[in-house]
Every structure is written in C-alpha cells, then in structure tokens.
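**Q** So the sequence lines, in the order shown, correspond to chains A and B.
Everything in the first sequence is counted per this note's numbering, starting at 1 for the first residue and increasing by one.
Everything in the second sequence is counted per this note's numbering, starting at 1 for the first residue and increasing by one.
Some hints here could point you the wrong way.
[To be verified] Label pairs and their calculated CB-CB ranges: (1) A:Asp133 <-> B:Pro510: 46 to 56 angstroms; (2) B:Lys432 <-> A:Lys244: 47 to 57 angstroms; (3) B:Gly496 <-> A:Glu82: 22 to 32 angstroms; (4) A:Ser242 <-> B:Gln487: 34 to 44 angstroms.
[To be verified] No more than 25 angstroms apart at the CA atoms, straight line, and that leaves these computed lysine to aspartate or glutamate pairs for DMTMM-like: (5) B:Lys23 <-> A:Glu436; (6) A:Lys504 <-> B:Glu436; (7) B:Lys576 <-> A:Glu95.
Read the hints as simulated data drawn from the structure, not as lab findings.
Backbone N, C-alpha and C define an ideal beta-carbon position, used for all residues, glycine too.
2 protein chains.
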Amino acid sequence: MSSSSGTATIASINDEILALQDKIKELKVSKQDASAEVNSMKALKEQLKALKKEGGDENASGSSSSNLQLKTPKGTIDHKPEATLLRKKIFNTLENIFLKHDASTIDTPVFELKEILAGKYGEDSKLIYDLSDQGGELCSLRYDLTVPFARYVAMNGITSMKRYHIGKVYRRDQPVMTKGRMREFYQCDIDFAGSSDPMVYDSEILKILCEALTALDIGQYTVKINHRKILDGIFQLAGVPSDKTRSISSAVDKLDKLPWADVKKEMTVEKGLDEKVADKIGQYVGLKGPGYDVLEKLKSDQELMAIPLAKQGITDMEILFRYLNVYKVLDKMSFDMSLARGLDYYTGIIYEAIHESSAPPSKSVNPSVPASSEISTTSGSKPSKSSSSSSSKSNAIVNEDGIDESTIGVGSIAAGGRYDNLVGMFAESAGKKLNEQVPCVGVSVGVERVYSIMEQRRKQTKEKVRGKETQVFILGLGGIELEKRMQIATLLWDNGIKTSFSPKVNPKPPAQWKQADDDQIPFVLILAPKEFSEGKVRIKAQLGKEENQSGNAEDNKGVEVELSNVVDYLKDQLSKL
Amino acid sequence: MSSSSGTATIASINDEILALQDKIKELKVSKQDASAEVNSMKALKEQLKALKKEGGDENASGSSSSNLQLKTPKGTIDHKPEATLLRKKIFNTLENIFLKHDASTIDTPVFELKEILAGKYGEDSKLIYDLSDQGGELCSLRYDLTVPFARYVAMNGITSMKRYHIGKVYRRDQPVMTKGRMREFYQCDIDFAGSSDPMVYDSEILKILCEALTALDIGQYTVKINHRKILDGIFQLAGVPSDKTRSISSAVDKLDKLPWADVKKEMTVEKGLDEKVADKIGQYVGLKGPGYDVLEKLKSDQELMAIPLAKQGITDMEILFRYLNVYKVLDKMSFDMSLARGLDYYTGIIYEAIHESSAPPSKSVNPSVPASSEISTTSGSKPSKSSSSSSSKSNAIVNEDGIDESTIGVGSIAAGGRYDNLVGMFAESAGKKLNEQVPCVGVSVGVERVYSIMEQRRKQTKEKVRGKETQVFILGLGGIELEKRMQIATLLWDNGIKTSFSPKVNPKPPAQWKQADDDQIPFVLILAPKEFSEGKVRIKAQLGKEENQSGNAEDNKGVEVELSNVVDYLKDQLSKL
Chain A
1 MSSSSGTATI ASINDEILAL QDKIKELKVS KQDASAEVNS MKALKEQLKA LKKEGGDENA
61 SGSSSSNLQL KTPKGTIDHK PEATLLRKKI FNTLENIFLK HDASTIDTPV FELKEILAGK
121 YGEDSKLIYD LSDQGGELCS LRYDLTVPFA RYVAMNGITS MKRYHIGKVY RRDQPVMTKG
181 RMREFYQCDI DFAGSSDPMV YDSEILKILC EALTALDIGQ YTVKINHRKI LDGIFQLAGV
241 PSDKTRSISS AVDKLDKLPW ADVKKEMTVE KGLDEKVADK IGQYVGLKGP GYDVLEKLKS
301 DQELMAIPLA KQGITDMEIL FRYLNVYKVL DKMSFDMSLA RGLDYYTGII YEAIHESSAP
361 PSKSVNPSVP ASSEISTTSG SKPSKSSSSS SSKSNAIVNE DGIDESTIGV GSIAAGGRYD
421 NLVGMFAESA GKKLNEQVPC VGVSVGVERV YSIMEQRRKQ TKEKVRGKET QVFILGLGGI
481 ELEKRMQIAT LLWDNGIKTS FSPKVNPKPP AQWKQADDDQ IPFVLILAPK EFSEGKVRIK
541 AQLGKEENQS GNAEDNKGVE VELSNVVDYL KDQLSKL
Chain B
1 MSSSSGTATI ASINDEILAL QDKIKELKVS KQDASAEVNS MKALKEQLKA LKKEGGDENA
61 SGSSSSNLQL KTPKGTIDHK PEATLLRKKI FNTLENIFLK HDASTIDTPV FELKEILAGK
121 YGEDSKLIYD LSDQGGELCS LRYDLTVPFA RYVAMNGITS MKRYHIGKVY RRDQPVMTKG
181 RMREFYQCDI DFAGSSDPMV YDSEILKILC EALTALDIGQ YTVKINHRKI LDGIFQLAGV
241 PSDKTRSISS AVDKLDKLPW ADVKKEMTVE KGLDEKVADK IGQYVGLKGP GYDVLEKLKS
301 DQELMAIPLA KQGITDMEIL FRYLNVYKVL DKMSFDMSLA RGLDYYTGII YEAIHESSAP
361 PSKSVNPSVP ASSEISTTSG SKPSKSSSSS SSKSNAIVNE DGIDESTIGV GSIAAGGRYD
421 NLVGMFAESA GKKLNEQVPC VGVSVGVERV YSIMEQRRKQ TKEKVRGKET QVFILGLGGI
481 ELEKRMQIAT LLWDNGIKTS FSPKVNPKPP AQWKQADDDQ IPFVLILAPK EFSEGKVRIK
541 AQLGKEENQS GNAEDNKGVE VELSNVVDYL KDQLSKL
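Assemble the whole structure, with the sequences as input and the hints as a guide.
**A** Right under this line is the structure:
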C-alpha cells in the first residue's frame, strides 16, 4: 500500500480509497485477511474529511458530482453470472420439492402498505425499510414473505391454500457479507393455510424442510424444534408475569449465542424478572435431545403437566413425532427447550434448521446452560454455543464496520413455525368478518446461507462453473465473410443450438480461438473458404483438450461435416455431453 | 347496489366500500364495465368523509387503526398462481432465447444509490421511487435494468459482456392496470456491452427481439426503428438550436399519441421553436415504411446527406438492413422517422416493437402527420395514432382515477437502442480511467404487456390453466388410517411424484373426491381396507371424466395395481399425459 504523502489531493485519496475498496472486496471473497487494508482505508477517509474541511467544504452534502461512488448500497451485492446460475439451481431444487407437495406459487409486490407490516416483528420492526413519502400511500419494503402471504389470504377471503414464494426481502440489519447475511436477500418460503387435523400440515412442512435440505446436498443438518405452548407453560409454571412473556421469550432465544449467565442477567437486571423465576426457567431451557427422550422427560414432570397450556403442547408434540416417524425424518429433529424464535406471531410449533457450519468456526466450547438436563442429539452435529472472543486472529476477516466476520457463523439455514392468528388479525383490523379462523404453518429456507455453504464447498473441490451455456462457436478462416458466419448462426439458432461468433468483420483466427476458449465453448465450427464452397465445414470438440492453448488451428482439424448435416451432427454430439 | 340510508355508520360504509372494491377488481379483470361501481364508491367515500368530519375527526391522519386497508399499494398487484405460472412460462421462453445468443445473467439489487440513477431519465426522473432517509446512504428503487447494468459494467471494469436480466422495476407512473401498465412490473432485458464492428451486435439484438416475439406467439408485431444520428441530423438541417435537441426530440416522440398539429404546438408555443424550423421537421417525421424504401428516399435527399451526422446514421442503417436480411427479420422492421424515444442516453439506433393491440381499440383513425411522405409497411399492422375521445362508451372500464382504460392501448411491447456513453459516463464521474469506451446496445421486453395480450387470448379460447402441478391424490376409504396415506405419500414423494391427500384423520369420501376434483388432479389412488391388506390399491385416471361430479366413488373402480408396482405404473401413466 502506497503511503499518502503530504501533497495528497482529494482526487488522489479518492483513487486510493476506491482501489482499496476493490482490494478489500477481493480479499473478503477469497476469505483472506483484509484488516490492514480496512485500517488504511479508515485512515484515508479521515484524511479526506480533514482535507475537505480545509478546502472550504463547498459540498455540504458530502458527495461532489465528480466523486460518484460506483458501488451497490450497503448490505447488497450484485450476483455475478456464476452466482446467479448457482442460485437458480437452488431455487429449482426447492421449487420441485414444493410442487411435489401440492403447492402453488404467488408473486406479491416488493413493497406493502406500511401499516400492513406494523406490529408484526417485535423488536426487529426498526429494521424495516420505508419508502420516501412522495405523495400518496406510505409504503415499506417487505421484511419477509410471511406477512404478505397472510395479507393475501385475508384480502382474498381464502380459507385453504398451500403456497410457496421465492423472492427478495429487505432488512436494515448489520450485514456480514461473507456469511450470507445481507440487507437484500432471497427467501424461499412454503406455507400451508387452512385447517388440518392436529399436526398433519405441521408434519408435512417439516417433511418438506428435510427433503429440501437433503436435496440441496450441503451436509449434516439438525432441525431444532419446540412448541410455543410448552414454553409459555414453563413461563407460567415459573411465575413470569403474563405481560413479560414475549420479552422473556426473546431473551431465551438468545441462548444459541449467549451463555445462560448472560441471558439470566438480561431477564433479571434488564427486564426486572425475579431471580427465583429466572432460575426456574433455567431448569427447563437446557433440556434438549431426540424427540421421544425429551417428550418422556416432560411427560413425567407432573408439575408441568398440570399446566393445561403445557399439556396441550406436549400432546401436539407426541402426535407430531408419530407422523414424522412415518415420514422418516424424526431422526433429524432435536427437541430443544431453548428455542423460542423472536417473532411475535407464532402460536404453536417452532423450528430452526442448523447446519454443521452454522456455529462460529471457533472451537472453544462454553457450557452455556446448566448441563444437568442435556441429552445428546442423535445427529451429533450440535453447534457450539460459544460467543467468547475468538482466539483465531490469524483468520480474521474484518469488514468495513470493524467486525471480524470469521468469528460469526452462518446461523440457522431455515426457520418457521405455526401462526394461527395472523390472517385473522388482518381480517379483523380491516373490519372483515371471517367465517372461520385460517391457521397457518410454514417454513422459510435461507437461500443466501445455503448458497454460501455451497460456494465454500465448490471452492474446496475446485469445481468449474460456467456463467453461460453457449455450445458452438463459429470460427471463420481467411476470406469467410461475416454474413456467412451469420447465416450459419441463424441456422443453428433456429434449431435451438446456443451459438456465438466474433463480432468483427475480419477477425484473426487466434482471437477467435481465444474467444471460444475464454467462454469454454464445447464445440468450434470452422468455416474455411475452400471447404465451405464445397458445402462442408469442420467441427472440433474443445472439451478436455489442453493442447490448443497456442491458438494454432492447424493441429486441430476436427471432423468434416456436410453443411446439410451440421444440425443433426451437432445435436447428436451435444446430447452426449 | 344497496343505497346507503341516512342511518349509515362509518363501519357499514367501510364494508360497502370494501365489497365494491372487490367487485370492481373482478369486473376489471374480466374486462367488464365497472363505471357504475366506481361512481358508487366515489359517492360512498364522500359520504364517509362527511360522516368522519361530523364525528369529530379524531384521526387527523385519515387512517384509523380499526380501518386497515387490505390492499396492495397503488399500481401494484398480487400475481395469483395461474398468473405467476403463465409469467414463468414467458420468462422461460425468453431466457432460452437469450441463452442461445451467448448471454449470461446477473442479479443486481432492487435499489441503487440515488446518485446512480440521477440524470439518466430526462423528464421521467420524477417517477423514481426514493427510499426514506433512515440514516446511511440515500437510495432509490431501480427504474429500469439498463442503468444498473451500465453501473455494473463500469464498476467491475468489464470491457465485453452479453447479459440478460429478468427483474422487477419501479415507476411512480399513472397506472392502467388492465393494460399491464403498473408501478411495479417485470422487465426482461438483454444488452451487449463491448465493441463490435458496426451494426453486428445491433443486428443480433434485433434478431433476438424478433425470435422472442415470434416464440411468445402473440400474433402480428412490427419493430419501428430509427437512428438518433439521423434524427439529430434532421434537427440540425431544420435549424434546431443544439441546446433544444433533446426536448424537441421528446416532442417528436409523442407522435404515436398526438397528431402533428399538437406536437408542432408543443415545439413552438411551449418550447419556443421557430415555426419554420418546426415545419421543416414536419417534412421528415412523417416518413416511414420498409427499411430499404425509406433508406432510398433519405439517400436521395442531398440536403440531408450533406449533414455528416445524418450521413453516418444512414450508412449505419444500410449495413444494419443487410445483416437483418441475413437474419431473415428485415420484413419485421418499419423504418419510422417519428420514433425518437424519451431516454437521454441513446446514441445510435433506437427501436420499439408494437403489437396489433398496441393501439387503443377505437377505430377512428386521425391522420396525425402530413400524409405526403407515408409509405405503407409490409406487415400492415400499423397502429392507429388516434387519441381522439373514444366513442365506444359501452365498453368503458373506468378505473379508480376516473380514467377509461378501454381507450388506452397496451403501447409498445418491447423497446431499446444503442447507448455508447452510459458506461463511460459512470466511469468518468467516479474518477475511473477507462482504457476503452464500452459501447452498448440492448432491448427490453415489456412482459406485463405481453402477459396481458396472452391473458386476453387465453380467455377467448377458454383454455384452462392450473395453478399447481399435483399429479396424484391419495384417497382413503373407511378404516384407512391417516398414517397409511402418509406412508404411500412418502413413497410417491420420494420417487418424485407430486402427491396430495386430505389433512383430516377420518375424511369422508365425498370431501376427498371434491378435493381431487377442485385441484384437477389427474390421478386418484384409492386405498380400501380389504384391498390394501392384500397389498393392492386402485388407481383411477380423472382426466376428461365428467361423470364423477356426484362424488360417488362406486362408478369409478379404476385399475387395480400391486403396491410394489405403484410407482412404475404411475410414472408410466404420467409420462403419457
């Protein structure tokens, strides 16, 4: 890095900052240490600020027109061709599974009326993006796909619907780009609305989740599962005042990131809970393990079973596990009393899928809850709960906000639950009478996190990914006019063959070979004047050849094919790829 | 419609308004007259306003919490399952064509830094949606996919790229929902960035456009084409001051909606152009017809050919038509001097595809420009240029803004052009030095308009569209437990067969038959206790049968299949559909 001397101008510092930004992005993408670059950039920005003050500050708004920032907004990225293609594969995999399960899809606007989103997200409401008030209605970008779905169901008076939706959602959160935590990101949701007998839809949603995570082929995963009614029953038993239920619940939910001592402190010091009450909660929230093991433990707890709410939840879980067993996915579940989920609207079972890479890479495990009641899970891929400072400084990936991203796991890769009142809430506040309640249950797959896991795996195997699907390159040797290449291209395009050629009137052969090589195009169709006048072309397979790097066409005569037979020949060859 | 009596309450009027809104939407979708309903709704809203004033107006902001509007924001809609599926088919058709032409895809954020969009859209910049300033960067929703693409190319220092992008864009325009003019709508763009020899990329983009419109199978279309340099040459010849070029150009562009007299008035009265200058323009802008005809006419115009800019444009067009002829799409073109395109950034050829339904349905044609120079197009599907008041009042579809949508055509169904300076502009204003200019040419297909044409055609043919793809319904007769149905469903799902069943523990057979019928599921797999205990099921094809409406299973025994053979049997049957 060049040190900026005393004679630095605003323009030269800007140039350095831009170069550093590129460098940092590059380092991050390749998971290398960029902390030195980040520090340099910060220093340069300070210097720039000082220089601008000296200079008279003619641009009070801070952005002079000669200093346009060529970047995407914070927390967003451009998905490049290879990344877009890989995402499309993820979407297709999920979509095929959703379609297998009787679902249809809808497409709702990216923004909703602001009041539709109001009061749905608890403490996270501050993360909602609002549109500017430019006259007319006040709108916000959607925060998830669940609330728009409930609005859709209520608005259209639907009583039963299985719908999936793949789309972008928006959260003004602190981004951790390398872990797929972004401000704009895709969600893939499936939700079943309407009455079913107890746990029928719930179990199918969990079956779908397991089919999806298995089909995505990203390695070991566990579905942590709990029931809001059991949790609320525990709070009742412990003596949590009913107005504190949701806020204590959201404290419990932090147990995957904080040790019990910290969570207890939040309950007692911050939220004013009696210490004895907190301790009673502490007796339960460490309980986790295979479904039937935890279930037995809860059923033998006479104190808890005496709370009707808890008993209801426990009965639900018993039915659920029976169905999950038929669906052959019970072994993927970990019944986990510490799972609470932040959202206000859940009313029944809640779940969260975690992946072996969900936890921070740091290996130091801190026993986070009283260990007495812990039952090991069958899958054995329990994430570490440590949030203690990482000691692996050498792998630090410090981002622009000064956060070391290497200490952060990707978090859960899917989550969801049952929400029986959301549709009714919408209908009611719109003054619409519903003939029946429309209970819902659903799950959302965090595609960005799945993507970042897949991307890491792909890098390890060094698998090559093409950004385009072009199959044939038409190469003209000396004297072949552009129109001849266009004519053959038209023939191939009209027969569905993906084709390209040089956009030059008289391109040199080496430049043409390079274009075909750069794009990894599997076949080159060679037009040579003499052969072409006899109605013949040569076709050369490029796959797997390394000898042609010289750009010398002479060693690669290829196969001679009659012009009238070109389409059939290529189709046959392409079908063998 | 029930008349609201003097005893109407706010709540009862709200109910009536909501019911009317539903009714209006329904009528509009089925293209029926809703003007009476719209008028009633307006009256009710007035009444409501008056009542609220009387009542003390405690909610100054106008939206009381007990009166949540269950709707999507103005100009946006929910795409329902059938509509989403049809759109997906359009996207797939286009994507396959784009991939054939060597393109890859990218996915950019839905919002950009506000300054990225600034100064790109001329008079239409006022239609940009801004995000609220919640701290941090100022952002706007993207207005098109072209500017984000140019930003991407400049930001990544790309010198050559063929990219397509299918995504939603946002414009705070006056919506005309039944014609597919919305505030949130999809664009499907393909753009070639980088140098080619003259008109090579331009001609391929037009070839792609024609392939796309032909493949979409929506009927006759014409591509109006012109060249900015010829237009600017005409302005130069006529004596338009150079600072007025773009504003006069945007006046010319209105010739597809306004008669020449009105456009001339805009030029002279509003924009202060000398009348003689306007008349000179008028001599040219009526010129249109098959490419070579118009080209001959222009080439023989010595006055015009003496203007270097015009001559350059004319030479371009001559090369272009030669290539389009090789590509067999020249006959789709109408060389049209009145085409100017509103956007600031075009520098070369510009084009717009119009469909036979692009013009308003009104049959009264007003000769809008001096007729002297008109050459009829080969395709013969020229749209009427009339904007005179429609006389077909009986088909009026009056929208909430009081606009009769039946008088408005869908407009152009695709548009684009060459823009050689946009990438350079970005690079330059970011202080980035480019080694070479990155010229671009591209086209954007207006999917919503294509969709609304397809939807109208589908309605005429009464073609049925399913919103889901479920293939088999598992029906249990008396005594078959839910778990048995779940078990068979698991077998089918695990073998890729799209399957559903009733979510009840003990569903009645008629309710099950109804579910299968409602969802138009082609096969019903029947589990009966006795047969099932012998390892057999019955499978019944439901397609084309009308006799089963009674819900009586007795007439439909179906085919008996061994349990071990169910998957193979169904796969075989499904492959024949």
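**Q** For the range 47 to 57 angstroms, tell me whether the beta carbons of Lys432 of chain B and Lys244 of chain A fit it or not.
**A** holds (55 angstroms)
**Q** Within 22 to 32 angstroms: is that where the Cβ-Cβ distance between Gly496 of chain B and Glu82 of chain A falls?
**A** Given about 28 angstroms between the Cβ atoms, the range holds.
**Q** Would you mind confirming whether the straight-line C-alpha gap from Lys576 of chain B to Glu95 of chain A stays at or under 25 angstroms?
**A** Judged against 25 angstroms, a Cα distance of about 23 angstroms means the pair holds.
**Q** Does the structure keep Lys23 of chain B and Glu436 of chain A at a Cα separation of 25 angstroms or less?
**A** Judged against 25 angstroms, a Cα distance of about 22 angstroms means the pair holds.
**Q** Against the range 46 to 56 angstroms, how does the distance between the Cβ atoms of Asp133 of chain A and Pro510 of chain B compare: consistent or not?
**A** Since the Cβ atoms of Asp133 of chain A and Pro510 of chain B sit about 54 angstroms apart, the hinted range of 46 to 56 angstroms holds.
**Q** Take a look at whether the Cβ-Cβ distance between Ser242 of chain A and Gln487 of chain B falls inside 34 to 44 angstroms.
**A** Given range 34 to 44 angstroms: holds, Cβ gap about 42 angstroms.
**Q** Given the proposed pairing of Lys504 of chain A with Glu436 of chain B, does the C-alpha separation stay at or below 25 angstroms?
**A** holds (17 angstroms)
When held up to the earlier numbered hints, the structure conflicts with none and fits them all.
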